[in-house]
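Produce the entire structure from the sequences given, and follow the hints as far as they go.
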Amino acid sequence: MPVAIYTPRINNNDDFVRVTHLYVDAGSLVRPGDLLADLETDKATFTVEAERDGYLLCFRAEPGQSIAVGSILAWLGETAGETPPADSTGPAAGADGAAGRTPTLKAALLLARYGVAAAEVPSAGDRLTVEEVERYVAGRPARRSETVPAGRARELAPSEPGRRMELSGAEHGMLNTVLWQKEAVPAYLEIAYDPRPWDEYAAEFQQRNRLLMSPLLALLTLSLARIAAGRPAINATIAGAEKYVYDHVNIGFTVQSGPSLYVVVVREAESLEELAFVRKLGDLQRAAMRGALHAADISGATIGFSSMARWAITRHFPVLLPQTALMIAHSAPVNGLATLGATYDHRLLHGADVFQVLQMLAQPPAKE
1211 MPVAIYTPRI
1221 NNNDDFVRVT
1231 HLYVDAGSLV
1241 RPGDLLADLE
1251 TDKATFTVEA
1261 ERDGYLLCFR
1271 AEPGQSIAVG
1281 SILAWLGETA
1291 GETPPADSTG
1301 PAAGADGAAG
1311 RTPTLKAALL
1321 LARYGVAAAE
1331 VPSAGDRLTV
1341 EEVERYVAGR
1351 PARRSETVPA
1361 GRARELAPSE
1371 PGRRMELSGA
1381 EHGMLNTVLW
1391 QKEAVPAYLE
1401 IAYDPRPWDE
1411 YAAEFQQRNR
1421 LLMSPLLALL
1431 TLSLARIAAG
1441 RPAINATIAG
1451 AEKYVYDHVN
1461 IGFTVQSGPS
1471 LYVVVVREAE
1481 SLEELAFVRK
1491 LGDLQRAAMR
1501 GALHAADISG
1511 ATIGFSSMAR
1521 WAITRHFPVL
1531 LPQTALMIAH
1541 SAPVNGLATL
1551 GATYDHRLLH
1561 GADVFQVLQM
1571 LAQPPAKE
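First residue of the sequence shown: 1211, per our numbering; consecutive thereafter.
Be careful, since some hints might not be right.
Below, computed lysine to aspartate or glutamate pairings styled on EDC-like, alpha-carbon distance capped at 20 Å [unchecked claim]: (1) Lys-1577 - Asp-1404; (2) Lys-1453 - Glu-1393; (3) Lys-1392 - Asp-1244.
Derived CB-CB ranges, DEER-like [claimed, not checked]: (4) Ala-1502 - Arg-1345: 12 to 22 Å; (5) Thr-1293 - Arg-1345: 28 to 38 Å; (6) Glu-1376 - Met-1570: 39 to 49 Å; (7) Asp-1493 - Ala-1290: 48 to 58 Å.
Because the hints were derived from the structure by calculation, they are not lab data. For glycine and all other residues, C-beta sits at the position ideal for the given N, C-alpha and C.
As structure tokens, then:
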């Protein structure tokens, strides 16, 4: 029986996506993790992968065409000769004939992983949430394709006795970030710098604005966002065989909350004044500590900043966030000198590019 592959939501504000590339032809055999199609909006790109074995029967859109989020993108069959349903071009419909609720980005990815149509999942609001998908899946018998995380079905099974457990939402986020490394070509470099000018700048800013906590990391992060706004090549990624430059700087910042690691995202950071940015990032950090983040708060990063100075870590090598080309690493000082490092996508950037960014970041803005 043919199985539908639904069009995921890439950006919370876009109800349609463009098909930019199809990787397989009708009749081709695909395995879990095989690339099927590239989709994009004006601000992001996403590659749809096969979640199960099957034969690609057809796509419902061609490269260059737009397709509605939640509609059927393609059909898989158990044999190459199966015929997909003829009335399958619109969004998935529920039992009452109404179109399914629009999923959030994370919910759409989870639906794709489990092979579930949005219309199957009961939803109380206008947006289908991750919690509603997880609750629905937990209440039905597991399918064989759900026992292995997406893109990992061809890995060797563990050789020792044990049991499989579902990943938490935070663990899914870490997995997706690491899986991105299969696409990027990560490289790393670092410089030593004198942290005192930044410390003085942050202390003066804290006193002037009567802040309880040091704004050092927030100010460093904003400085990176402003550098990225002036050097668009670092606020970019590779889409197919082209450079994809983002319109705005959505900067990701790592936050540790108990056992969970989040990357909170300040959108359009380049447009914010210093105090507004410090407050916005502080609000996101506090929301992470309370477990009160929304999907939009942890998605859509175009560049990243990570610090482990609070644990006195003097060197660390952060992984690149998905669809980004640069992740800055900030560490604790040793003998008066500190380290700024960068993991970068060598498909897009080279060492001299990143070295210049680190040199610029090592100096605080000129005092007005």
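Exercise. Do Ala-1502 and Arg-1345 keep their Cβ atoms within the hinted range of 12 to 22 Å?
Worked result: Taking Cβ atoms as reference, Ala-1502 and Arg-1345 lie about 19 Å apart, which means the hint holds.
Exercise. Has the given pair, Lys-1577 with Asp-1404, been kept, meaning a C-alpha gap of at most 20 Å?
Worked result: holds (18 Å)
Exercise. Does the Cβ distance between Thr-1293 and Arg-1345 fall inside 28 to 38 Å?
Worked result: holds (34 Å)
For this session: Take a look at whether the Cβ-Cβ distance between Asp-1493 and Ala-1290 falls inside 48 to 58 Å.
Result: The hinted range 48 to 58 Å holds for Asp-1493 and Ala-1290, with Cβ atoms some 53 Å apart.
For this session: With 39 to 49 Å as the target window, see if Glu-1376 and Met-1570 comply at their CB atoms.
Result: holds (43 Å)
Problem set entry | 20 Å Cα cutoff - pair Lys-1453, Glu-1393 | holds (14 Å)
Problem set entry | Agreement of Lys-1392 and Asp-1244 with the hint, judged by alpha carbon distance not exceeding 20 Å | Between Lys-1392 and Asp-1244 the Cα gap is close to 12 Å, so the pair holds against 20 Å.
The structure shown violates none of the earlier numbered hints.
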